[in-house]
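2 protein chains.
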Amino acid sequence: MRFELTILGSGSALPTSNRNTTAQVLNVLERFFLIDCGEGTQHQLRKFKLSFNHIHHILISHLHGDHFFGLFGLISTMSLVGRDKPLNIYGPPELEHLLWTVLKPQFEKTPFPINFHPLHAETTGTIYEDKVVKITSFPLKHSVPVWGFLFEEKERLRKINSDKISEYNISIPEINEIKAGGSIVRENQIVSNKELTFDPLPPRSYAFMTDTLLSRRYMELVKNTDLIYHEATFLKEDLALARKTLHTTAQQAGIFAHEAQIKHLLIGHFSTRYKSDALFEEECRKEFQYATAAQDGDKIIWPDNKRTTFLIIRGEETFELAINNEIAESR
Amino acid sequence: MRFELTILGSGSALPTSNRNTTAQVLNVLERFFLIDCGEGTQHQLRKFKLSFNHIHHILISHLHGDHFFGLFGLISTMSLVGRDKPLNIYGPPELEHLLWTVLKPQFEKTPFPINFHPLHAETTGTIYEDKVVKITSFPLKHSVPVWGFLFEEKERLRKINSDKISEYNISIPEINEIKAGGSIVRENQIVSNKELTFDPLPPRSYAFMTDTLLSRRYMELVKNTDLIYHEATFLKEDLALARKTLHTTAQQAGIFAHEAQIKHLLIGHFSTRYKSDALFEEECRKEFQYATAAQDGDKIIWPDNKRTTFLIIRGEETFELAINNEIAESR
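Here the protein sequences line up with chains A and B, keeping their order.
Residue 146 is where the first sequence starts when you use the numbering used here, and the numbers rise one by one after that.
Residue 146 is where the second sequence starts when you use the numbering used here, and the numbers rise one by one after that.
If you are wondering where the hints come from, they were derived from the structure by calculation, not from laboratory data.
One or more hints might be untrue.
One copy or two, either will do: identical chains are not told apart, so a pair holds if it fits within one copy or between any two.
[Unchecked claim] Computed list of lysine-lysine pairs in BS3-like fashion (alpha-carbon distance at most 27 Å, straight line):
no., residue 1, residue 2
1, K324, K194
2, K254, K389
3, K389, K431
4, K194, K420
5, K389, K230
6, K431, K444
7, K249, K389
8, K249, K368
9, K286, K254
10, K192, K420
11, K249, K286
Required output: the full structure, derived from the provided sequences and hints.
Spelled out as structure tokens, the structure:
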């Protein structure tokens, strides 16, 4: 029952040798969602050993090149390796026309079915839902229309206490009912669901927010989210520039995470103008200590059996991320 | 007086960890021509330490993604780093509209001057000329219109014999006349140009030919070219597939080079279906022994002071390329 995020690109508009432009993959119980697709995303998928055959949903936050120029090549490659499964693309309405303008010289007809789901400015809405996950898009504030995405795992079924199965000789149809919250009757007495089950672990959640001016407009929506990836293009010394270009500083991202009472904050989309990436993490942690500067290749894992920690795999190392336990315990 | 080719991408449509899609840079006396621009070309320029600030001319052979999907990101990056010099793009006429469709959401107006030079199908013509180099485009044969490019260094000025300068007390204005082929008069006698000068070295030349079905239609044009980069997507065992997809086999590329009597052949655009890239070189050399399978990062250098060898820098090593000496000596 995996819930894992892989960072494919944590840089801003200018790719460098160790930070590519924005892209990441969220795996929710083996549904793989590609979020943004900067140039070179197909190269990063290979590098970090994620199969693009598993990707059936691509979400594009906005039409700045560092967030979507890799889409053309990825679709071409999917076609060349013989994809026939449908691909769902969620993004600004103009993206559909733009995509076909670029691909037309190459493909006389759609190489495989592509379902385009246009996002609508100024509205928050469910853009995907199945039995295990729901995705909500919400508008952010940038120089072009841009959306954040909130991924929420659905409530799990209740966990049956296995001792009770033999004690009450519970049948398989009854088990399914009990998991869904039902009770059973034995000797004309109701045996309550509460006696038969344990609470399931709380559902997991993740929000992606880039590029945007810091705004509290969408605070309520993402409040108590487990993990947020928020852009932090600038340091606070360049707050005026952040405002002018409609971006966020590392300090502001920390303030936002603190107010939103999340468990952990990942920051990224760093401008290349600064000497060290560590400066972003340092500045952000003054406001919210449970913050990490993302690196390309980072894999963040929500353990399936507890809600009090995240694991991060970075290169050869795996370690626990410090999390906001106040929140972790209250949920 | 450099004449150097850097291979940025030697693969075909599917990029791999060691071969990116097509792109290369030809430096002709410090004019840098970017030829094709597959996805990730800006990453490769950085990796192989070529400044994109020096690039004022980009030639796009055709509108298959592995030859131009990197153009969007490269132009965006050029803009972000403050480019103001004009950029010249040579390519299929549709490219101009396509480019602006993609860049429009990002740029309200042209970030810097872009001069678009549409290529015309079915014609061969000079697309660029200055005092040191001339570029000719010529149509190849593929599933979409595609052009090859021939780069020819211009005839150098004659080299003055320095002993003669003191012997005849030659003035600076006279030196310039002599270099251009003129003679001088001393004591009412003409001193011939031949006595005063050495022949300049023959001009250098390079042709780029991909993607294409093998065709002798353009043989005359590229005959005796120093170096040709020719696609060799398939091995001869897949000749039927090469014909069907309008590509060339390694064997055919070798036959073409032999007939064209060139000094050396570089092959590339290899399909990923084969186990080893060495197979292409092996097959090709049976027809034309002076052939090399290109690798990303290869730098081929035409020495300035002789015409009987090429140097190749590959990784940490520099070595001489075997060349067709019969041709080298006859020129």
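How do K324 and K194 come out at 27 Å by Cα distance, when the copy is not named: within, between, both, or neither? For K324 and K194, neither the intra-copy (36 Å) nor the inter-copy (61 Å) Cα distance is at most 27 Å.
Alpha-carbon proximity between K249 and K286, which holds within one copy, between copies, both or neither at 27 Å: Cα proximity of K249 and K286: across copies only (19 Å, versus 32 Å in one copy).
Within a copy, between copies, both or neither: which one fits K249 and K389 at a CA-CA cutoff of 27 Å? Classified as between: cross-chain Cα gap 20 Å, same-chain 37 Å, threshold 27 Å.
At most 27 Å between CA atoms: does that hold for K389 and K431 within a copy, between copies, both, or neither? Within one copy only: 24 Å inside, 63 Å across.
Regarding K192 and K420, is the shortest C-alpha distance of 27 Å or less found within a copy, between copies, in both, or in neither? For K192 and K420, the Cα distance is within 27 Å both inside one copy (26 Å) and across copies (20 Å).
Tell me, please, which holds for K286 and K254 at an alpha-carbon limit of 27 Å: within, between, both or neither? between (36 Å within a copy, 21 Å between copies)
First find the shortest C-alpha distance between K194 and K420 inside one copy, then the shortest across copies, and answer within, between, both or neither for a cut-off of 27 Å. Only across copies: K194 and K420 sit 20 Å apart there, 30 Å inside one copy, limit 27 Å.
Measure nothing new, just compare the shortest in-copy and cross-copy C-alpha distances for K431 and K444 to 27 Å and report within, between, both or neither. Classified as within: same-chain Cα gap 24 Å, cross-chain 48 Å, threshold 27 Å.
Identical-chain pair category, K389 with K230, by Cα at 27 Å: between (43 Å within a copy, 25 Å between copies)
Between copies, within a copy, both or neither: which fits K254 and K389 at Cα up to 27 Å? Result: close only across copies, 18 Å inter versus 42 Å intra.
State whether the alpha carbon distance between K249 and K368 is at most 27 Å within one copy, between copies, both, or neither. Cα proximity of K249 and K368: none, with 43 Å in one copy and 35 Å across.
Going down the numbered hints, you'll see the structure goes against 1 and 8, while the others check out.
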